[in-house]
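Protein chains: 2
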Amino acid sequence: MEGLLTRWRALWSRATCRRHHCAPGRGKRLVLSCMFQPQNLREDQLLSLEGRSGELTCKSQRLMLQVGLIHPANPGCYHLLPYTVRAMEKLVRAIDQEMQAIGGQKVNMPSLSSAELWRATSRWDLMGKELLRLRDRHGKEYCLGPTHEEAITALVASQKTLSYKQLPLLLYQVTRKFRDEPRPRFGLLRGREFYMKDMYTFDCSPEAARQTYSLVCGAYCSLFSRLGLPFVQVQADVGSIGGTMSHEFQLPVDIGEDLLAVCPSCSFAANKETLDSAQANCPVCQGLLTETRGVEVGHTFYLGTKYSSIFNAQFANIHGKPSLAEMGCYGLGVTRILAAAIEVLSTEDCIRWPGLLAPYQVCLIPPKRGSKEEVATELMGNLYDHIAEAVPQLHGEVLLDDRAHLTIGNRLKDANKLGYPFVIIAGKRALEDPSHFEVWCQNTSEVVFLTKEGVVELLSRVQVV
Amino acid sequence: MEGLLTRWRALWSRATCRRHHCAPGRGKRLVLSCMFQPQNLREDQLLSLEGRSGELTCKSQRLMLQVGLIHPANPGCYHLLPYTVRAMEKLVRAIDQEMQAIGGQKVNMPSLSSAELWRATSRWDLMGKELLRLRDRHGKEYCLGPTHEEAITALVASQKTLSYKQLPLLLYQVTRKFRDEPRPRFGLLRGREFYMKDMYTFDCSPEAARQTYSLVCGAYCSLFSRLGLPFVQVQADVGSIGGTMSHEFQLPVDIGEDLLAVCPSCSFAANKETLDSAQANCPVCQGLLTETRGVEVGHTFYLGTKYSSIFNAQFANIHGKPSLAEMGCYGLGVTRILAAAIEVLSTEDCIRWPGLLAPYQVCLIPPKRGSKEEVATELMGNLYDHIAEAVPQLHGEVLLDDRAHLTIGNRLKDANKLGYPFVIIAGKRALEDPSHFEVWCQNTSEVVFLTKEGVVELLSRVQVV
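These protein sequence lines map, in sequence, to chains A and B. The numbers in the first sequence follow this note's numbering, run straight up by one, and end at 465. The numbers in the second sequence follow this note's numbering, run straight up by one, and end at 465.
Don't take every hint at face value.
Which copy is meant is left open, because identical chains are indistinguishable; a pair holds if it fits in one copy or across any two.
When the alpha-carbon atoms are kept at most 16 Å apart in a straight line, the in silico EDC-like pairs for lysine to aspartate or glutamate are as follows [what the hints assert, rightly or not]:
1. K372 with D254
2. K140 with E130
3. K372 with D125
4. K452 with E348
5. K452 with D385
In case anyone wonders, no lab produced these hints; they're calculated from the structure.
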């Protein structure tokens, strides 16, 4: 084999690689005219993709379709276009950081989940039409996993020498999930195919499992806080997942499907389905409960031994005896968080992102071709390169809107709609000595004029993930 | 809405976040004893998971099962365990860099692909039993996408104002694909559910499309070169995808399913299925062809207008007239590259990774508890912290094997098996002044003794992605 390897190594060095070499991600400017960004491609054409086949729509869905963040594929299934993929990858990185900070280890389980597993917990029947089911070429039955309690419990059960010393185990994945919704609607808020982060925890005692439960809830709080999203943690129903304790993380959205009861005086908050319908007062402080709507973006369950007892997921306890693991499960709707954040933060016409998740942090708009500011075009190019050099953490985050046949005003309108946190314009004052650039800080609605050094100072404070 | 937002913001600051705060990824040491690493969990127990249900096995599958990189779920479907997820995420980052360096834009298309799309190209019938098919609750037919020519062409066709100025368009995704293999085998080398990078390109002329084709092939060469993998680009059959030109990227593997003819004198190389079975001489230089086996890790197709003509994927040409896009498609088997690399680089007993993809770059082994070197335990902890501070690019890449009840020898054996590129031991010479650590550079089979400063100097040259 060694000889073969040597020969192959020699071969590939001669292979016909006619590539025009270009080191990954260096020395090139990202320009808007080459982006597969339908809004850009269509420019001022407004689309009416929403409302196809009588689906219910909402602000985030309308905006995401208009500016080319998503494109409908099948009912409840969307193509995620490049800006959305960038935002989603940032969200996944932020989630990874939070999960790994509490000891989470990332796995990746198949989508195909065998009927046997689901029959073991009776969910093959209980889940009814929500499960997408299929048979393989040998007639064996599978579903497309909407969640993975069965699979992970069987996996952990197969680790025969698990010891209490190794607990808690916090295993999670970020994968595509499937649910055959009766009425998919609101774009990425309720689809049939969506990305979810699902974590499963294994502990040696109920007390330890409750500590782990708090730890994960804390990580969720930390995530939403970092994203700058208002949220509330409410007591929730356990539904078909089961268990004895459950909370939802809700974002305030008028079109939210959940009705929440929130106490303005203390920290009590609940999904109304967990309360007696007549209950108007807070069970903790007796204050009058306020009603509000929310969209669920996270859900946590304390499962106890519901699944570990079925699959025999055991560990050796301190006395060396086999003992059932106490479990929890925890979900975050990844694509749903993106849409819900846009729903919460945007105006009717313009998308606003959590700063950390914006697909690109900065958009530079040079002067219109033929305008009297046109000489400032080169200044803008220089500013691009200067930012790339002086603010390396913004590598890949700065976009040049090179559609110089359009007025600055038209391009600013587009940029405003897409919600880049920072839009920098070379207008009249770019011709001053020193040049001043017009900087729109879209998340704070401020406009300031800054020199090149001022721009760099401002941008060097931008947080990226 | 503003009022509501303010109220929610106030609410969540009061939310019951009992998290023991710990900034993401800072200040904690990664220790092996808490890893969900079945080899660790089982310690010296050797598993015989391979060969279940009479599946064919190979070295990479056996090793990956033994050390806990993968665990079987269903036939041809594996759970990817934490080390594998880390390696795969690195591979995806390297692929992203190469694809984006040539202008690739990342999208994400649904797995559910409607029967209509596949009937339009006749592949609904042509693909036969390889397609996993299902019906939703309304009886509508779908397959689970094994590839996405239909979906991407329909997506691009829906962009009604595409102009020649925006071409070439290079769109790609990294997603899970499904293929109902008649005989899944060799672990991640031929599964039914696997990760693939698929790129689709759109050009305004055959000449431009051929340039783009070369560009993508060049990016593939660059990727395999960066990974340090021997490969050869061979002419290939177009199969059911179609088109007029095709190449495969092959790695030399004894158990490879493809038979290749390679010319030792010039750069000619071909999959034997493209040659006349009697052909023994190179068609370019007439030299005698050598036969060898390979595993296909990449495949490129020049498609022409095969798909764009069916879905009417047009752009406005230089004269403003609608014109069909010239297409190419390009696949990389992501999970397959991981397994093939292990197959090529490993010994019979020990995994070796492409340096860039190793799940962790460094494993530190402190002395055994109760040994006469035990005093060096603290030195090892200090070394861990010193590396974290002095070599920030190795953040999250350094693992401490804290199973101090095991001898250094046993832990070295594990580390050797798992293939960390650098294993650092605190042995006798750690007690010298200054301390010397034993450093095993596993990819070059060198062992050197270095001071703390020497270790940092060595590690600061390690490339990570």
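How the hints compare with the structure:
When the C-alpha separation of K372 and D254 is checked against a cutoff of 16 Å, the pair qualifies neither within a copy, at 47 Å, nor between copies, at 68 Å. Within a single copy, K140 and E130 get their C-alpha atoms only as close as 19 Å, which misses the 16 Å cut-off; across copies the closest is 14 Å, which meets it. Proximity of K372 to D125 under the C-alpha cut-off of 16 Å is found in neither arrangement, the shortest distances being 71 Å within a copy and 61 Å between copies. For a Cα distance limit of 16 Å, the shortest separation of K452 from E348 qualifies neither inside one copy, at 33 Å, nor across copies, at 59 Å.
In the homo-oligomer, the alpha carbons of K452 and D385 lie at most 16 Å apart inside one protomer (11 Å), although the nearest pairing across protomers, at 38 Å, exceeds that limit.
The structure is inconsistent with the numbered hints 1, 3, 4, although it conforms to all the rest.
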